[in-house]
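Enquirer: Mapping the sequence shown onto the UniProt record's numbering, position 47 (from 1) lands on 47, and the numbers just tick up by one.
Hints may contain errors.
Below are the BS3-like pairs computed for lysine-lysine, each with C-alpha atoms no more than 30 Å apart in a straight line [what the hints assert, rightly or not]: (1) K406 x K449; (2) K149 x K110; (3) K230 x K114; (4) K77 x K114; (5) K57 x K77.
Calculated from the structure, these hints are not laboratory results.
Here the structure is a predicted model, which is why all the values come from computation and not from measurement.
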Amino acid sequence: MSQPTTIVLFRNDLRLADHPALWYAAQRGPVLPVYLRHAADSYGSAWRWWHGESLLKLQAALAQRGLPLLLRSGTAKAVLPEIVRASGADAVYWNRRYDRDGIAEDQELKSLFKELGVEARSFPGNLLVEPWEHLREGQPYRVFTPFWKAMLARHRFPQPLAEPESYRAPTAIPASEDLARWGWHPHHPDWSIGLARHWEVGEEAAWRRLRDFVDEGLAHYAEGRNLPGKPFVSRLSPYLAHGEISPRQIWWHLSRLAEEQGAWRRNVDAFLRELGWREFSWHLLYHFPDLPREPLRPEFQRFPWRQDPAALRAWTRARTGYPIIDAGMRELWESGWMHNRVRMIVASFLVKDLRIPWQEGEAWFWDTLVDADLANNSASWQWVAGCGADAAPYFRVFNPVLQAQKFDPQGDYVRRWLPQLQRLPADHIHAPWQAPAVVLEQAGIALGKEYPRPLVDHHEAREAALAAWEAIRREN
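Work the whole structure out from these sequences, hints included.
Expert: In structure tokens, the structure reads:
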């Protein structure tokens, strides 16, 4: 007698190992992997490119194991019952989501399948600790350091699950859509060529990236993570965003490594703290679901932001006249990623030097980042803008020139992404407008032609931003 099939619904968890829904479904009987494309999804272009490539890798990996990956378009409520009927499935499993829309849809699915007599189960697969399990006196944490210290003290993170040892395919397999028809790979022009040049996609690539980081960057991470011109960061964020590797896998892999090589403990702890910020961001989004749109600090509802389309366009097009800003925006445009230290400098410039709303920057990052992550993106932009949880004070305004001189002292990062400044010496590359005319001439630079003049004077912009902040502070 054949066993009923379990549908496994994949989302941002495109992996086979440490995938609780898949693991438990495989122990139960035949498995039918399903991925649904929802027309209302708001993910950006770069994210869709990566996700489409990752689905191809997942599809191939499942095919090697004798399983299909069923692709369909539509809402889960509309599409899944038909797949259940066509496949004869009696259960649907998935890994949990933590944003408001995802939670609401999953609760609706559980109610629907209960009425249909179909088992519906969700599993913890995308965070280290469930948000409702880590509170302080019943309330969510709003400051990162006590959040992370308490998490390390109170919780032991479960070891990651292995990939199922074997799979059984269902006897009835409904028709699947063709991924190529979804239009996630760009055409005419194919602007993804730059992305493909910088990244390998998929679960196997995620593990290669982790191993390369251990070999090349981890020993220097604690100090080197702030140096954008050096290869000391992990670049694991896209693989986490698409679920090609889980936070538990990274945690256990590096923790074991630190136990074996005690001298690396400091660097491992520094990296795991960054993993903790991702955790903190998702906990915030769970407890404060308006995080992507509304400031956590309500007084910032009255902040006098500027509407300046020309300045916003200059920022997005890497034409601000501040090399560290423009280099970061060029890196983002070409590779779909930006070094984290530069992200902070770039974001500070937008919300403080230009006083353009943080939501505008968040939207641009959402469309251009291959590692676009609703919680991380929202929490980090609010942090820089001074209006979020554990936020940097608004009066802490990054000076883009001093930041560049400190973290890119020889201008390696700037020269990589702004080749027109290649010939400027290190002591002038971060402020070309201050260079003597003879230096600019020798470097082949005419300000306003090969490279723009500064969009704003940083010192004047800083004073204007602080005056705006003081006004709402007094009002409050």
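Enquirer: Which of the numbered hints above does this structure break?
Expert: 2 and 3
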